[in-house]
Amino acid sequence: MTTSTTLSAASAASVAPAATDPVPVVPARRRAPRLLFVRNAKALTGLALLGLFALLAIVGPWITPYDPSQVSADLLQAPSPAHWLGTDHTGRDILSQIIVGTRGVMVVGLVAGVSATVVGVIVGVTAGFIGGIGDETLSALSNVFLVIPQLPLIIIIAAQLPSAGGLTVALVIGATGWAWGARVLRAQTLSLRRRDFVEAARANGERTWRLVLAEVLPNLTAVIASGFVGTVTFAVLSQVTLSFIGITPVSEWNWGTILFWAQNNLALQRGAWWWFVPAGACIALLGMALTLVNFGIDEFVNPRLRSTGLHARSLRRRGIRPRVGFTPVVREEKS
Amino acid sequence: MKFLARRLAFYALTAWAAITMNFFVPRLLPGDPVTALIGRMQGRIDSNAEHSLRVLFGLDENTSMWEQYVQYWGLLLKGDLGLSFTHFPTPVAQIVTQSLPWTVGLVGVATIIAFVVGTLIGTAIGWRRGTWADSLLPVSTFFSAVPYFWLGLITITVFAVNLRWFPSNGSYDRGLLPGLTWEFVSSVGYYGFLPALTVVLSSVAGWILGMRNMMVTVSSEDYVTVAHAKGLPSRQVVLGYAARNAVLPQVSSFALSLGFVVGGTLIMEMVFSYQGIGYTLYQAVSTHDYPLMQGCFLVITLSVLVANMVADFVYVALDPRTRQES
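These protein sequence lines map, in sequence, to chains A and B. Heads up: the first sequence begins at 1130 in my numbering, then just goes up one per residue. Heads up: the second sequence begins at 100 in my numbering, then just goes up one per residue.
FYI, nobody ran anything at the bench for these hints, they're computed from the structure. Glycine included, C-beta positions come from ideal geometry on N, C-alpha and C. Hints are supplied without guarantee of correctness; some may be wrong.
[To be verified] Pairwise CB distance ranges, derived in the manner of DEER restraints: (1) A:1260 - B:387: 55 to 61 Å; (2) A:1400 - B:335: 48 to 54 Å; (3) B:172 - A:1260: 33 to 39 Å.
Excised from the complex, chain A in its bound form:
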């Protein structure tokens, strides 16, 4: 809905001056649209949601109505003005647990995402750029990590660590989750390294590290970003899962810990929906926000996917019937 209204509003606004203005549009005045990424409704929604969660993660502990571990006499209460999301079996406030738990989830997602991305970039770009036997070895390594199921691996590593706190789990996830990014980056680097601009830089006598940093890496930004977002999604889901099955200390609040308590105290059978629905919904919202950002990146990179963002109605108004075999290319007139 929002897509169609913003689009039609934008086109209407841009068409109107063009109609009254007899002077033809000068091509030089047409700049490459900046912030195209942010104009994408999907990406915008995702970023807004992410911002909200990030804000909660930062200010969370100061704005909670109660101490999340504070036991009270209101046992297993349904949502009420005093406890907006009710209480658990020992009278702890669930809204406070969710707010405080946001930080745990976000920090693990960020740390795991950053560490996996760094390893993935190093392995993938190196493999793609050097080629030969080094490439074979590194690709085999990342393929091995890709095929071994990650979650069981993370479970057995985390379960044998004497104290598997949030950061440890994040690093374990990072250490096992870099392979997908490395694989995609390698393929992309392979296609980049023989391009003319890289060859030109090489002919100019640039050093290899400069070729990689200044010529290849900037062209990989979108791929790296989407890999990062994907890893963060995976890390959040894994961490919540680990907490849910009780591998991480249950005293550390995150959304999975809440679900752990709910499951172990038969919240389902008691019909205490306020105990497990909000935490799960938060996970789903965060996951959806990340996926939307990734859609935005995909459409930003692949214009063919972008045109599908046009709503059927605005296409029909222009007399275009969407069908297979033809990509509707709609020129947005900008002056």
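We have chain A already, so just place chain B on it with the hints.
Just chain B now, kept in the frame of chain A:
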């Protein structure tokens, strides 16, 4: 043929890496959880079993790492995964072989349903791009962003606790004797419906999205335009030309996503107390049963490798280009 040989070599390498990882993880991590457990079990573990545990977990101080590694392989090749602590003195291998068929059945059926349904829906959405069908995308995204286990909790609440349509846990009616009777098989189907439904719901989105994006890409290829220009009916163009080619990356990503799906299914079993290998792993984790944990990981990984190999063979059968490469 060359392609297959390469793949086989790769899977051999991966299997070796997984087994080696399984060997090193308990040795590299700080602390020594097993000694404490052996201490607790003192007297109940006979010397033979204790020796195999020491070898499996590297508690044998007198031997070098390399000797331990060789001994470890020796035990594995004999199928000796040690003894379970919680189900003492049942061998780990026996527990694992009992629970594996349940998981393979559940994952197999659910994944194939999700793949077929997702690919069909993806084809339709990719074809009718830009219509109402696109609004299915956010819905399926929501289901894929939800953690598996939470979706499981919700389906249990709705269908098992409130509506009482399906049982909330277990894998067959405990009053029945396992066997190839119609009663038993239908009971397995009845108990497996909810877990399978949740796996399908949460993994179908990936297939829809992948197929839709491939359809969008493939549908602007020249051969599709030519097929249109020849005047072939739309249905034939979509199914015979566009979808046929768009499905290839789906098959190769099927192999890659398998590990992820299996991970999710393990969690599903934990939620539904379904007696597969995920539930066994869960019990092993919560009772600190390290031999059982290691055994589960090994078997899960090797099963995923076998499934991957099958997917590779299917791919070779589907795509003639891989056969011509050499």
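Against the structure, the hints:
1. A:1260 - B:387: 55 to 61 Å: violated (47 Å)
2. A:1400 - B:335: 48 to 54 Å: holds (53 Å)
3. B:172 - A:1260: 33 to 39 Å: At 34 Å between Cβs, range holds.
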